[in-house]
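Engineer: At position 24 of the sequence shown (counting the first as 1) the number is 24 in the numbering used here, and the numbers step up by one without a gap.
One or more hints might be untrue.
[As the list claims (entries may be wrong)] Using 16 Å as the maximum straight-line C-alpha spacing, the simulated EDC-like pairs for lysine to aspartate or glutamate come out as follows: (1) Lys447 <-> Glu304; (2) Lys447 <-> Asp414; (3) Lys374 <-> Asp346; (4) Lys260 <-> Glu304.
Think of the hints as simulated: they come from the structure by calculation, not from any bench.
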Amino acid sequence: MSDASPPPSDAEALRAANTRLQAELAAEREARRTAERRAAEQAERLRAELAAEREARRVLELRLAELERRLGMHSGNSSTPPSKESLAAKAKRTAARRASQRERSKDKKPGGQRGHVGRGLAPAAEPDRTEEVDPPAECSSCRADLAGARDAGTAWAQVWDTPPVALEKVHHLLPQRRCPCCGRVTTASAPFARPGAVTYGPNVNAAAVLLSSEGNVPVERTAVLMEALLGAPVSAGFVARAHERLAERLEAAGFDEAMKAALRAEEVLCADETPVNVLRKDADEAGDPLPGAPHVVTVRTPDERLTWYAPIGARSGEAIADLGVMKDYTGHLVRDDYAAWHQFDDQLAGVQQCGAHLIRHLQGVWELHTDYQKWAHKTQEVLREAAAAVADALAAGRDRLDPDLLADLRKRYDKAVEWGRLTNRVREWDGDGNHPGYTLALRLAAKAEQVWLFTRNFKIPWTNNASERALKSPKRHQAVSGYWHTMTTLGDYCRVRSYLVSARNHGLRAIEAIHAALAGRPWLPTPLPASATA
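With the hints as extra help, turn the sequences into a complete structure.
Structural biologist: In structure tokens:
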């Protein structure tokens, strides 16, 4: 019998082939499904990567816009002080100013313009002395000898000059007397001197103060100039001590309290602050520097008649309140919108937002996109028109604006600000908080009464330029000297500047004011009567 298997039938072969074919088809279908799944997964990954790239690009574009906005911030479109501007912003501002000056100078000649009040000298009717000059020896035309020539009259010329400055060393003999009662010897006193000591007098002290405070000359350079001009070989320490001595005399006379009392009696005040550099800040009990950045605060009258400077160790509401000048003040205050000043709003008759600050903030928003943010430019135009309308009304002797004109200006302002709110309400922004245009529009709407106060009370200026001009003095001093050593020296500087600026604005020469203070009789501000501020 044979062991070989019988050959498969045709049906079995067909079934086997069909089974193989089904398996191959199933494998192909599975491979196709696997490929489709992988393709779908890859497509999903690509879509996710593309979405991520788009989001990253959007974030980068927003961040770039924010960085460009910050880099573009300068004193013309924000509250950034010129001293804190970047080098690029300073260069751009300088270039723009020079270009503007070249454009303005095309149609005008150099020097004083028509209508400018000159400061030339007029001949004195009663000169201090008259000197006769030798007659001319030769003709100014043909050079002929004029000896024996006929008299043709007398011309004149005046020369105004100071006599040569020389250091005068005065030796005072101080008589002494012994008391017949107690036997004590009393020595006579000399002006600005102590027995047995050599001291510089009030003129030398005044020169040191004038150069360092009025001229913003560093103490070392002041000492050099005083030796060159006056022949007084003083030290830098003497210059610093002269400034300190004047500040001490003013403090002893109650100058700060008199100034604050006079300011509180005013109907309108302007206030601002600026950061300053102090080398050694005040320390706490553990010897650690107190937190915060030192600032100089100024409070002054709009007409700049009174100007008060004060140092604070930190730009905080508590530090500003502790100055005391705003205590019980119920008049009008012109300021920017720094939050530390908000604490006084409820006690004030009114607040005027600084129009110059608002113009700069609007400029910064408009520069983000001159089309989408056109509302900011329109708001600028309305505010400038309102300021011009007030100026015209004052020039015409009126004390209020035409009601229809004011209503139209205010309507345009409200419309532009509302457009700024709506157009930026959902606009994306990668910086801190909301879009700057939205934030500014909300502020302008919420504080519209503080923006427009100057149109209802003409005694109130529409900008805080008076305070900003006042703060140029410490900024210039810092620019040349770099810093103040301590908060005490900063306080001395502020007191002396307050005294000299305010005394000068009341008709006193600075040197006369210094002499009076050193003699213990400083000029002190006095509150104006109510009738003068009405």
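Engineer: Could you work out which of the previously given hints the structure breaks and list their numbers from low to high?
Structural biologist: Per hint list: 1, 3 violated.
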